[in-house]
Amino acid sequence: MEEALTKARTGDLTKARTLSRDLGKVPPGHPSLMELTVAAHQAGDLVLALKFLDRAAVSGSADALYGRGVILASLGRLDEARTAFAKCLERFPTHEPALTNLGGLEHLAGNLAEAERCYRAVLDFAPRSALALHNLAGLFLAQGRRDEAEAFARRAVEIEPGPDTALRLADILGEAGRHAEAAAMLGPVLDAYPADVRLWRAVGHAAKKQGRTLDAVAAYRTALGLDPEDGESSHMVAALTGTNTERAPADYVRGFFDTYADRFESHLVEEVGYQAPATLRALYERVGGGAMLDSVLDLGCGTGLTAQAFQGIAGRVFGIDLSPRMLQLAGASGLYAGLREADAATALARSTGLAAVLATDLFIYVGDLDEIFAGAASALAPGGWFLFSVESGEGEGYTLRPTGRYAQSPAYIRALIARHGLEEVACEHGRIRGGSDGDIDGDYWAIRKPV
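Okay, so the sequence shown: first residue is 1 according to the UniProt record's numbering, each after it adds one.
These are calculated hints, taken from the structure and not from any lab test.
Treat the hints loosely; a few may be bogus.
Pair by pair, the computed Cβ-Cβ distance ranges are [to be verified]:
1) GLU246 x ALA337: 30 to 40 Å
2) ASP45 x ALA238: 38 to 48 Å
3) GLN42 x TYR193: 22 to 32 Å
When the alpha-carbon atoms are kept at most 16 Å apart in a straight line, the in silico EDC-like pairs for lysine to aspartate or glutamate are as follows [stated by the list, open to error]:
4) LYS209 x GLU181
5) LYS87 x ASP54
6) LYS209 x GLU175
7) LYS87 x ASP63
Beta carbons are placed, not taken as given, at the ideal position from N, Cα and C, and that holds for glycine.
Assemble the whole structure, with the sequences as input and the hints as a guide.
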């Protein structure tokens, strides 16, 4: 044991791995087990760390029981992690990190009532826990309980006025259209944390929503000065300065939707009246007769709103998205035969014989659609359908608007149809969604690959 520990402290885990094969001889309470766990964790060998923790947990120590949950979660074994945190709480019911982590896992699993119970349990013995208040605010925001979310977020900011708590409150205020309040609240926090890129982005967002374009650009450029790789800020500077780009950075889209995923459906459907999936299905039923689509690829599938709209006429539906959290929620819907994290062009290049390719509200994040049209033309079976929506643009091409969204003109779409040997069946103009900027109109396209 001592030799294994001595070598592990230098980063050599050879002896530790040998020891791990016969841990039955090591007393569960031996302090070196936790030290070996830490060494293995620092070396990135989580499986080895878990072996030591499994033995240490027999002693019933809080650190070992809690540590098992942390390692299991890091390994992606989330159900086992939830069980581990629950076992820790059986012995140590006021273990705040275990309650917090269990609440987070319940939230991820969609067990929102249980997540709320965990976070509130922390407040029972630690009423000034800014983290518990912060977590409850996020949970309530995801459920559309905005007044409660704001109340808990304000308490968290009062107790701990840092970037994390302030950004959550700014998010809540922003969703309510109270951008001036958000900007005013962020000011003192930004003064205290001037190197936090996220705060500068939030200030830029609030300024943009108030129509203060120069201030917004200045804030986003400050964020870029702190992190030249910040995709969201570079995208918004381009949008606000009239610079056309081909697509939004993937890291920006992925991060935005990972954060937005839990309130995605309630916000789109209940608050802004999103109706693109239903409108696209209605278009297909008119021009395609509602014929069954055996194999369908849903580009930018999100949580599954489009697959839900096409139930009954879509057979096996496969979904792709850049956001892991969106894919997790889509998987829970039971609507998909398969899901994969990928961009649209890559997914199309790997597909063949499709009856339909669907894309609702995806192309607001992709301006240049040439590669996607090429992929659709190749992936579709003869007679297959390409059904999608775009925001309505003007002129001969595509435009990155000050909103940060792309719009494609009918002339541009028709040029792509001709270039890639497809056929236009229908194009209908209509409402896509509402929003703080008013109703957003778009074009719904039904395109077919020749038989």
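Outcome of the hint check:
| no. | hint | verdict |
| --- | --- | --- |
| 1 | GLU246 x ALA337: 30 to 40 Å | holds, 31 Å |
| 2 | ASP45 x ALA238: 38 to 48 Å | holds, 43 Å |
| 3 | GLN42 x TYR193: 22 to 32 Å | holds, 28 Å |
| 4 | LYS209 x GLU181 | holds, 12 Å |
| 5 | LYS87 x ASP54 | holds, 13 Å |
| 6 | LYS209 x GLU175 | holds, 11 Å |
| 7 | LYS87 x ASP63 | holds, 12 Å |
The earlier numbered hints are all upheld by this structure, with none contradicted.
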